[in-house]
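Protein chains: 2
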Amino acid sequence: MEPDPSQSPTGGSSSLIFLGTGCSGALPDARCLLKPSTPPCAVCSMGISQPPEGNPNYRLNTSLLIDYCHDDGTHKYILIDIGKTFREQVLRWFVHHKVPYVDSIILTHEHADAVLGLDEVWVVQPRNDRNDVEQIPIFLTQFTMDSITRRFPYLVEQKPEDGDEDAQVAKIDWKIIEDDVDKPFVASGLQCVPLPVMHGEGYICLGFLFGRRARVAYLSDVSRFLPKTEHGKKEILVHNSLFR
Amino acid sequence: MEPDPSQSPTGGSSSLIFLGTGCSGALPDARCLLKPSTPPCAVCSMGISQPPEGNPNYRLNTSLLIDYCHDDGTHKYILIDIGKTFREQVLRWFVHHKVPYVDSIILTHEHADAVLGLDEVWVVQPRNDRNDVEQIPIFLTQFTMDSITRRFPYLVEQKPEDGDEDAQVAKIDWKIIEDDVDKPFVASGLQCVPLPVMHGEGYICLGFLFGRRARVAYLSDVSRFLPKTEHGKKEILVHNSLFR
Ligand SMILES: [Zn+2]
Ligand SMILES: [Zn+2]
Ligand SMILES: [Zn+2]
Ligand SMILES: [Zn+2]
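Chains as they are written, first to last, in UniProt numbering: chain A, 1 to 244; chain B, 1 to 244.
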């Protein structure tokens with residue numbers, strides 16, 4: 001069943017839902033709360049003392065949900081990264097924005113803050129008209145795939161965890177992409193250009209360039225740009241800014 | 001620095017803090033909220049409509065924190081299982097009960113709902129008088145250790161994740177235990193007897209028997225008992241009860 005476009009908060013247009021803009025450890029940092037300094041950390045104190053909704057200091061793992069409105073008015077939901085705090089992000093923002101499921105997932109890299117929520121994929125698995133669970137495509141590099149295979153063998157083999165016969169099994173279509181600006185791919189109808197960037201020396205993380213009317217460059221975990229990534233027309237730049 | 005016993009909600013006695021009593025997917029089940037049935041699931045609707053504190057239908061991954069008061073009045077905090085929802089459990093219950101850190105961790109088995117929070121261990125790492133981070137012992141079977149080694153190589157090698165040079169590195173002392181009732185071990189001064197039980201046929205999960213004044217048997221994920229586990233004196237039995 002397609003989501004009803006009139007149900008979408010954006011009606012007939014596309015939008016970006018920032019599910020998280022926090023660092024890998026997320027905010028508040030529990031250490032500031034368990035062993036408070038004198039005076040206590042103002043950021044984390046506020047992070048815990050007000051409800052998470054609208055609290056600028058309750059920030060979960062970096063993740064973007066693209067609500068992509070096709071020309072026929074149907075909406076597709078494309079998720080970039082599914083980190084450690086994904087369950088909270090679904091309860092908070094999917095319910096609020098009436099997002100029924102995720103149509104495809106794109107991974108920037110294989111760190112815990114980008115992939116550890118994969119165990120929850122079955123919760124947001126798309127369903128067809130007959131309410132059958134449909135495969136969800138997950139786009140990732142071979143390097144990320146190798147890491148996922150070690151971490152989540154049961155997701156790659158599409159069987160329950162050993163000894164957990166009653167568990168829900170995610171149905172995933174793993175799609176290998178290349179870290180190459182010249183090799184765009186299409187996720188749920190949206191063309192995405194991989195933007196390889198350095199994330200610590202010797203480690204490549206992907207950003208993505210997408211959007212027809214406005215070109216959006218999403219770069220969530222960058223320590224240094226690569227020459228090829230810097231050029232090209234971008235109207236909206238989403239960029240991490242970890243202050244050191 | 002030892003925690004001040006007078007700061008503990010239990011003062012000079014030991015106590016059990018149930019950090020979570022939910023199933024592997026935790027409650028509310030996001031599926032009930034994203035695609036509500038008619039009428040909507042009452043359990044999950046309540047799970048999301050009231051604050052998590054004191055909400056009987058907001059239940060995180062099964063986990064127990066033993067606040068163990070030694071004879072000299074010092075408290076040691078022993079955690080059984082560190083699942084997917086550990087960060088939320090720290091923010092909610094550690095802060096509430098003024099638990100400053102965890103002294104040791106015991107794992108029942110290697111499923112995601114028991115171990116996926118290991119990436120957060122550095123947040124609750126104990127510190128000595130000089131505020132230096134101390135190693136945290138983690139007790140687990142060799143089978144669980146093998147699984148953790150594949151999932152969290154950076155925790156076993158005690159280095160940052162590849163490419164993440166700035167990350168905090170957990171300092172862990174991995175301690176192999178046997179799934180044998182005749183091989184008790186001591187975690188932060190507390191003697192624990194492993195109680196092997198079946199969790200799905202062919203898969204062994206550990207429960208634990210501990211406590212001097214009251215003998216507590218903690219069995220969080222059991223499908224079938226083994227003969228050796230059934231016998232013995234227990235005053236308090238904590239047992240999962242998943243209704244099918
Ligand atoms: Zn802080
Ligand atoms: Zn990273
Ligand atoms: Zn429900
Ligand atoms: Zn299990």
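It should be emphasised that the hints constitute simulated quantities derived from the structure, not laboratory data.
Mixed in with the good hints there might be a few duds.
Each pair may be met inside one copy or between any two copies, as identical chains are not told apart.
Lysine to aspartate or glutamate pairs mimicking EDC-like chemistry, simulated, CA-CA at most 16 Å apart [what the hints assert, rightly or not]:
{"hint": "1", "residue 1": "159", "residue 2": "120"}
{"hint": "2", "residue 1": "228", "residue 2": "178"}
{"hint": "3", "residue 1": "228", "residue 2": "120"}
{"hint": "4", "residue 1": "35", "residue 2": "132"}
{"hint": "5", "residue 1": "175", "residue 2": "146"}
Comparing the hints with the structure gives:
1. 159 - 120: within (14 Å within a copy, 27 Å between copies)
2. 228 - 178: within (14 Å within a copy, 54 Å between copies)
3. 228 - 120: neither (35 Å within a copy, 35 Å between copies)
4. 35 - 132: The answer is between: 13 Å across copies meets 16 Å, while 48 Å in one copy does not.
5. 175 - 146: within (12 Å within a copy, 28 Å between copies)
Comparing the model with each earlier hint shows a violation of hint 3 alone; every other hint is respected.
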